[in-house]
Every structure is written in C-alpha cells, then in structure tokens.
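S.K.: Chain by chain, the residues:
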Amino acid sequence: GAVVSQHPSWVICKSGTSVKIECRSLDFQATTMFWYRQFPKQSLMLMATSNEGSKATYEQGVEKDKFLINHASLTLSTLTVTSAHPEDSSFYICSARDRGYYEQYFGPGTRLTVT
Amino acid sequence: GEDVEQSLFLSVREGDSSVINCTYTDSSSTYLYWYKQEPGAGLQLLTYIFSNMDMKQDQRLTVLLNKKDKHLSLRIADTQTGDSAIYFCAERNGGGYQKVTFGTGTKLQVIP
Chain A
1 GAVVSQHPSW VICKSGTSVK IECRSLDFQA TTMFWYRQFP KQSLMLMATS
51 NEGSKATYEQ GVEKDKFLIN HASLTLSTLT VTSAHPEDSS FYICSARDRG
101 YYEQYFGPGT RLTVT
Chain B
1 GEDVEQSLFL SVREGDSSVI NCTYTDSSST YLYWYKQEPG AGLQLLTYIF
51 SNMDMKQDQR LTVLLNKKDK HLSLRIADTQ TGDSAIYFCA ERNGGGYQKV
101 TFGTGTKLQV IP
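Residue numbers (our numbering), protein chains in the order written: chain A, 1 to 115; chain B, 1 to 112.
Looking at chain A on its own, in the form it has when it is part of the complex:
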C-alpha cells in the first residue's frame, strides 16, 4: 500500500527557533497534501491544504506566516514552524492523496516539544 513518511518523528527545540518537518509520499504522487495538528486527547485539526506547485490554503485561525508550508514536488511537502513557542508543542500529522483516489494516506506524525 501507499506509504507516507515524516521526518523527524520527534523534535525538541528552544523557544524562538524554527523547526522544519518533512512529509514524503514514498510510492505515489501526492497531488494534494494536508497538515494537521493534534493536541493531547483531542481530535485532528486541519491546518492547511496544499496542492503541488501552488500556495497552501490555510484554515481559519491558522497563521500562515508562522506555519510555512511548501509543496514543491509531487512527493514532498514541508511544514516550518517559525519562532516556535511552547504553545506550538503538539503532534503534527501530514497526509497525502493522489488525485481521484478515495484514500488519504497518513504519515506517522511528528511530536514537537518547544521548551
């Protein structure tokens, strides 16, 4: 089956620094990728949707200047958390979908802790 990987799986950073998370589709072309965040014991909240080669569409309340999303190729999307603060600590999950297919494949998630 289709596989989506994320790197790193966990990261600890200091407040004020930036962190980049990668999401890769390993064996299919991901025309659309999604970024979610999940707080402990809560559901997944969609942050943004990106189509390859175009700007991401952010959900209401998500700061696009803080959460930079790049979907430069059909197999890679990156999420950069800029000037991270402790409240940005969360579990970030990406998913990828090929055009026309029903299934959305999820990555294993990246746990970000900002100290």
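Misleading hints may appear alongside valid ones.
Only pairs whose alpha carbons sit at most 27 Å apart, straight line, appear in this in silico DSSO-like list of lysine-lysine [unchecked claim]:
#1 B:68 <-> B:99
#2 B:68 <-> A:66
#3 B:99 <-> A:64
#4 B:99 <-> A:55
#5 A:66 <-> A:14
#6 A:41 <-> B:99
#7 A:20 <-> A:55
#8 A:41 <-> B:68
#9 A:41 <-> B:107
#10 B:36 <-> B:67
#11 B:36 <-> A:41
#12 B:67 <-> A:20
I should point out that these hints are in silico values taken from the structure, not numbers from a laboratory.
Chain B: place on chain A using the hints.
M.R.: Relative to the frame of chain A, chain B by itself:
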C-alpha cells in the same frame, strides 16, 4: 462549517460487540471513514464507505450509514483487547479541495 461529533468514551468486555457512533453535518459528504489511533501513533484507516451506500462489512467491522440522519456507526464484532484505541470518524466533503474533517474521537476500552 463542517462538524463531526462522537461520544468520548466506550467500554466493552472482551468478546462483546462494540458500536461507535458518529454524527456529521455536511450534506455534501462523498466518503466517510473510520480511523484507529493507538497511543503515540499515527492514524490507521480501518474502513470507508461511499455516501451512496448504507452498509459495508469488512471481516469484524460493519459500517452503517444513515444519510438522511447524517449518522454513521462502526460495529466491531468479537472485540479484542488489541482493539483498545481511539477511533475517529471522518467525512470528506465534495468541495474544491475535498478536505477531510475529523470527529472528536471515541476512546474504546476493552475489559478482559
């Protein structure tokens, strides 16, 4: 916007059937999904159903969809301790990006 609701917690005895319920508001849903998430892990797609179907069975899993009432359920037959996890329902809308909205999640506890 879209809203997907689930009860927060369900406890069943091993060997019994579990039924997890979900309601949604989006009338343009195209697909509805059930995902399983174990502690500290990502999401695993369990099953899905097209919005024009009313039932789908896949081994121990049975999905029922009442489109009129916008109600989705997941029945797990012969529940095992390995089924303990959080179960999310999700709906994919028919809009431009066809985004997927997740429910609040139901924590299933299986008692041996």
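S.K.: Mind listing which of the numbered hints don't hold for this structure, in increasing order?
M.R.: 2, 8, 12
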